[in-house]
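K.L.:
Using the sequences plus the hints, can you model the full thing?
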Amino acid sequence: MAAHPPLSSAVVYRDPKAALRFLEEAFGFELTLLIEDADGNLAHSQMSWNGGVVMVGNEWTDQHRSPASIGGLMTQTVHIQIPEGEGTVDAHCERARKAGAVIVAEPETQFYGDRTYRCKDPEGHVWTVSQTVAATDPADWEAKTGLKTPVFRT
Amino acid sequence: MASRVVVALRVKATPERAFEAFTAEIGAWWRPNGLFAFTPREPGVLSFEDLGEAGRRLIETRAGGKVFEIGRVTVWEPGARLVVGWRQATFAPDMATEVEVTFEAVGDGETRVTVIHAGWDSVPQAHVARHGFPLAVFQMRHAEWWQALLKRLERHLA
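Those sequence lines, one after another, are chains E and G. Numbering-wise, the working numbering comes out as the position in the first sequence, counting from 1, plus 285. Numbering-wise, the working numbering comes out as the position in the second sequence, counting from 1, plus 1.
Misleading hints may appear alongside valid ones.
Result set (BS3-like, lysine-lysine): computed pairs, CA atoms no more than 30 Å apart in a straight line [to be verified]: (1) Lys302(E) - Lys13(G); (2) Lys405(E) - Lys383(E); (3) Lys429(E) - Lys405(E); (4) Lys302(E) - Lys67(G); (5) Lys429(E) - Lys302(E); (6) Lys13(G) - Lys152(G).
What the hints contain is simulated information worked out from the structure, not anything from laboratory work.
P.N.:
Here you go:
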């Protein structure tokens, strides 16, 4: 297991234990930490994937809500970047679909050289999944879309 | 024993080797933690002791040779699963925790080692072993300790 990375997301669920099962089945995340209270309720958990970490928790304050509790709204999405040579976006998408994810946008290669898809998990969180499949640079992006790229550091 | 702490880590070893390292070599990677001492005296070295027909037990042996029994082994499946009782010297008879360790092959010659430590809710918050911590805080600290220990096991196996 990698050390906890400097940035990670905490994702809120009404049923976090079901989310742990879904995230393992759909995306291959591995449970690395789970803490349960005296009633067996989830108090805290962490999953790991390729050195990244997500914390999976419940609606532990009035301000923490799953999309399932607020009409499907959300304020952030979590992004999965598949390293080159570690499977494909299309295979990832099929695995997620089989596990019950709702595919919001089917796999498609974008102008910036990544192939991506988006899906919703059972509580309505959107996950974006991407993999770089072609080398491009800001000049290509501008030629294809007219978008300017004022900041670009590699 | 409803409350649980679950910690998992992938190690580069077969399940058989990981089990051997966790049990026969526990003294090499285990390090004591002042918050979770087994006895009020100085800490010792951990080992699994084979008692023959009487089974096995996990013990802590202090420098002078004194032995404290942490718990009896109730499941011993080399390369797969281990369950052992886990008591501190100050526990009252109705307090008990239990540690289950599973070893699961996950491909590429790697093994997922999962530690499930259950039953800390049987030890009241006011008891000395809990240091006054609410259960969630205590279990978080304990989980962090298990994570550090499993990292040491990983390095031991490297």
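K.L.:
Taking 30 Å as the top limit, are the C-alpha atoms of Lys13(G) and Lys152(G) close enough?
P.N.:
Within the cut-off at roughly 12 Å; holds.
K.L.:
So if I understand the rule, the pair passes when the alpha-carbon distance is 30 Å or less; does Lys302(E) with Lys67(G) pass?
P.N.:
violated, 43 Å
K.L.:
Checking one constraint from the list: CA of Lys405(E) to CA of Lys383(E), max 30 Å. Satisfied?
P.N.:
It holds: about 13 Å lies between the C-alpha atoms, which stays within 30 Å.
K.L.:
Holds or violated: Lys429(E) and Lys302(E), Cα atoms, limit 30 Å.
P.N.:
violated, 44 Å
K.L.:
Are Lys302(E) and Lys13(G) close enough, with their CA atoms no more than 30 Å apart?
P.N.:
holds, 28 Å
K.L.:
For Lys429(E) and Lys405(E), compute the direct alpha-carbon distance and say whether it is at most 30 Å.
P.N.:
Since the Cα atoms of Lys429(E) and Lys405(E) sit roughly 29 Å apart, the hinted pair holds (cutoff 30 Å).
Hints 4 and 5 from the list above are not met by this structure, while the remaining hints are.
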